[in-house]
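Once you have looked at the hints, place chain B on chain A.
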Amino acid sequence: MSLLSLVDEAIKLCKVEETKINENILRYREILRSLRPQQEDGKEIELTDDVEKDPDVQLEERREMELLNQLLEKALRVRAGTAPQKDPQNCPGPKKEPVDTTQGKGRALTPGGTKGNKNGIKTTSKPIMMDKKESKKYSASHLYRGGRGRMGHPVGHSGQGRASMIRSSVQMQKRSVVSSKGFPPQSSGKEVKQAGPPGPVSHDQGQSPQASSAHHQVEVSHRAPTPLLTKWISLRTKQSRLWDKVLALQSKPVAERSHFTERVKATFSREWPTSGSPADTGAQVDRLTQLCTDLSHCYQSERLLTGQTFRTSGTEPATCQKREYESLLMLEGLEKMVADLRKHAGQLRKEREAWDRWRRLKGEGAGAFCPVRSKGEWGDLSGVTPLPPTLTYTSQAELQEVERLRLRVELLQQEVHLHQALSDTMVMPSAPGLPNPAALRDIYSLLGEGGVMFPTLVLDTEPD
Amino acid sequence: MQREKSVKAKEVIESLCKLLYSLGLECVPSAETFRRAKFNKGEDVVVEFWKLIHSVLLKTLLLECSCTTLSDLDSHVREALWQCGYGASWIVVTTAGLCPRSEVGSRELLVAFGWVLSSGSLLEALLRARSLELDILSLPPTISLSSPREGGSVVDVDGQGGLKEDGLLRRLQWQYGKLRFQWRRLLSIQEERARLLHQVLSSSTMPSTSTSQPSSDDHHSMCSTALKKEVERLQTLSQLLEAYLEWKRQEPLFWCWMDSVVDSQLSDLREEDTVENMSPVHQVVNRCFPYGYKDKEGLEQLDNMLLRLHTGLKDTYTRQNRKAQSVLQDAEELEEIERRVALRLHGFAESCTSTPTSGCCSYRPSLQGPQPLPNHHQPCRPGSVLPQACDGAVLPGKVSGTGTVMVQVQASSLIVKLQQREDFLLGELGQMRQAKRGQIQEKTASWLEGVGVVLIPPLPLKR
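For the protein sequence lines, the chains are A and B, in the order given. Position in the first sequence (first residue = 1) + 199 = my numbering. Quick note on numbering: my numbering labels position 354 of the second sequence as 334, and the sequence is numbered without any gaps.
Derived by calculation from the structure, the hints in this document are not laboratory data. Just so you know, even glycine gets a beta-carbon here, dropped at the ideal spot from N, CA and C. Fair warning: there could be bad hints in the mix.
Claimed, not checked - Computed spacing ranges between beta-carbons, pair by pair:
{"no.": "1", "chain 1": "B", "residue 1": "Thr205", "chain 2": "A", "residue 2": "Ala274", "range": "27 to 35 angstroms"}
{"no.": "2", "chain 1": "B", "residue 1": "Ala311", "chain 2": "A", "residue 2": "Glu259", "range": "50 to 58 angstroms"}
{"no.": "3", "chain 1": "A", "residue 1": "Leu267", "chain 2": "B", "residue 2": "Trp427", "range": "37 to 45 angstroms"}
{"no.": "4", "chain 1": "B", "residue 1": "Asp243", "chain 2": "A", "residue 2": "Asp207", "range": "50 to 58 angstroms"}
Claimed, not checked - Taking lysine-lysine and the DSSO-like style, the derived pairs with C-alpha atoms no more than 30 angstroms apart in a straight line are:
{"no.": "5", "chain 1": "B", "residue 1": "Lys423", "chain 2": "A", "residue 2": "Lys521"}
{"no.": "6", "chain 1": "B", "residue 1": "Lys31", "chain 2": "B", "residue 2": "Lys(-12)"}
{"no.": "7", "chain 1": "B", "residue 1": "Lys21", "chain 2": "A", "residue 2": "Lys464"}
Pulled out of the complex, with its shape left as it was, chain A reads as follows:
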């Protein structure tokens, strides 16, 4: 069952990454919350426009979202356990609004205040504020907000019912729900679950007071910054200054250090290999093995594809030739690379043998020997920058793009590896063996479509 374990491994790694990202998000939100409460009021007013862009929502869509939300909720509830909530998740947050709701999907919640004059039925003021500390629920709230945001239309009744239903379910997850649908905020459905600071509570008296407070706070934007804030900012600038100095220093070679290293090496045995280390060799072997796997898969697919074009391209000789030429060039290149690899592997073998001669005997008063599989990022020979370089970007979109691409490349890499594992371990049925159609369908979809789409097997009963 190594295939399954591979995929399980992959899922686990993704989940770990997810928790890390969620932690980060929580921290950022905390910081933001303490930084600029009213700057976000202003922002919030801008953001409301986004919601208007979401016009008539289909009832079906809404229902679908609803169902999906319920399912997710249930799932999360099962997993939630007893995560303590300390956050004062309240709607009020006009300061939280933009933070939470600019999903870039145009599903921002409308802060009640600004929409106060639109319809009598407020749909999505702050139905559910995501509890920032509940990392796992984040994705559900995404959809929540999406679902809510979509309800741009005042179907008060169903909206109301939904609000209460969601509210009750949310109660279990200890989220605070603020009544949304145009209820006079002071009166109903504001359940603050957390025993958090009562501060924000004063803000969320709902729509109209919020509107007024929003205006109010826009006026007082020029208050002197708190000492803590100034300290933070000054520390940040100091830190970036220090980093610049550190980065400039890191690459200067230190002559005395290399002198010392030479002297110590001179004390080793004459037959000691002159450079590198067993851990290095191991790491290089790993890298080469991975590259070799990639190349052999590429080679296999090239071969298959050429064969296929050959057989199926009777009509267009031109493309066939082009394809052939391309694959020819490709194979040429592959051959060169493989020849290089073999040389390199030969070198590694020699190195390994040299190290093996010095390998220590087990059992002479020593315990278990743990192999040092990789050297981490310590003595990497290929010049990796150990210290993080400064990434200068000009806009939020750029930063998001960088992050998205980094993650996407990693995920694609993972997908490629899984595909390689699949194609290595799944052997196609040989001619006499008759695969059952369901298995065939599954295999086709896994290997050929990444599990996303399925072929159709149709019984052809028409007489020819």
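Okay, now just chain B, sitting in the frame of chain A:
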């Protein structure tokens, strides 16, 4: 003069100890201990140094087993040092047998510690790890989401086995679906994080617009605890960076002092047998080293794969060479094809080398101001690069002669590189899948015809 020198040495060592301590290393001995170690005085010194080396090695190497008991400490440290290429006499097997722990003097340990410190960029790596912990406003390195593959057993999934194989396939599909869902989730929360990060960063550079108006004291205090923590972390980080800068200033002196340690060691050794005349004991590798065997196996596997690949390539290549050689006339098309092929091959080579600028490493994002600021942001500097000679021979024939140490990276150039990589990976994946599709269709065509079933492949998605 002597006193001055020793005082200087003490200062230097103290700065090192301070740095090590801020880096989060445990068991950092005091400067006095260092000095005593030079003269081989004291049992406790020895113990302290064992612990120090052990903790350093723990942080920098990935050991495949967990060795926490003290009794195993010395053998683990020896093994780890050997793995790092340290070849002093007390580590290496001689015909005389292993040096028992008690005989290893503190001076040897001191030299070993110096060796570990000097090889590679140990302190920088530790600095990076620690700073990533402390500075949450940095982009952490993308972890490798693909676990290394061990050779799995070939599973014959032809459905003839009945339920078992069916169950396997279904479960596999289910797991795949879960995995895809995870991917989508990750991408969406990543987007959110980037957005928030940008907001925090932009607010940290525009102090005048951000104010905090506490609506009530409680609220203010609650929110500012987060900020307080952040401030504390930043202070620790600044101290760490300052300690590092201080250390770099005094580093040459430290190495001079270490030289003197080596001197005294050599002068002692002159009376005993020198190490140079040692030769390795010839031993049968397979019998004794279960872990060494694993390494050897890896290398053999690599050799086999390469051999197979090479012979396969030779066959196919010679066959194809005879046809299709020069039928194409269009120079432009030829160029286009050649370019595509070169790009693909380059993509493979790149995937082998660790590509520092393509997003694998961590970054410290900094928002570029609209006007060029004098000190920090320097938008006119498009990625200054400090050349650093290194022997990065990742792949012969594709040797990167001089590695470069990136100090500043522009987001736009990084985006371009990442996009290229993404295209490459997508292309490869597409090729492999297409090949498989064709293969399955061809193999099952005859059977399906016989049974009267038609396989209709799904329509390709419009991406």
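A range of 37 to 45 angstroms was offered for this pair. Does it hold for the Cβ distance of Leu267 of chain A and Trp427 of chain B? 40 angstroms, holds
Take the C-alpha atoms of Lys423 of chain B and Lys521 of chain A, compute the straight-line distance between them, and say whether it is at most 30 angstroms. Holds. Lys423 of chain B to Lys521 of chain A sits at ~26 angstroms (cutoff 30 angstroms).
Hint says 50 to 58 angstroms; check whether the CB-CB distance for Ala311 of chain B and Glu259 of chain A agrees. 56 angstroms, holds
Range hint 50 to 58 angstroms: satisfied by the CB atoms of Asp243 of chain B and Asp207 of chain A? Holds, since Asp243 of chain B and Asp207 of chain A (Cβ atoms, about 56 angstroms apart) stay within the stated range.
For the pair supplied as a hint, Lys21 of chain B and Lys464 of chain A, is the alpha-carbon distance within the 30 angstroms limit? 25 angstroms, holds
Does Lys31 of chain B pair with Lys(-12) of chain B here, judged by a C-alpha cut-off of 30 angstroms? Status holds; Cα separation ~26 angstroms.
Kindly confirm whether 27 to 35 angstroms is satisfied by the beta carbon distance between Thr205 of chain B and Ala274 of chain A. 32 angstroms Cβ-Cβ, so the 27 to 35 angstroms window holds.
Violated hints for the displayed structure: none, as all numbered hints are satisfied.
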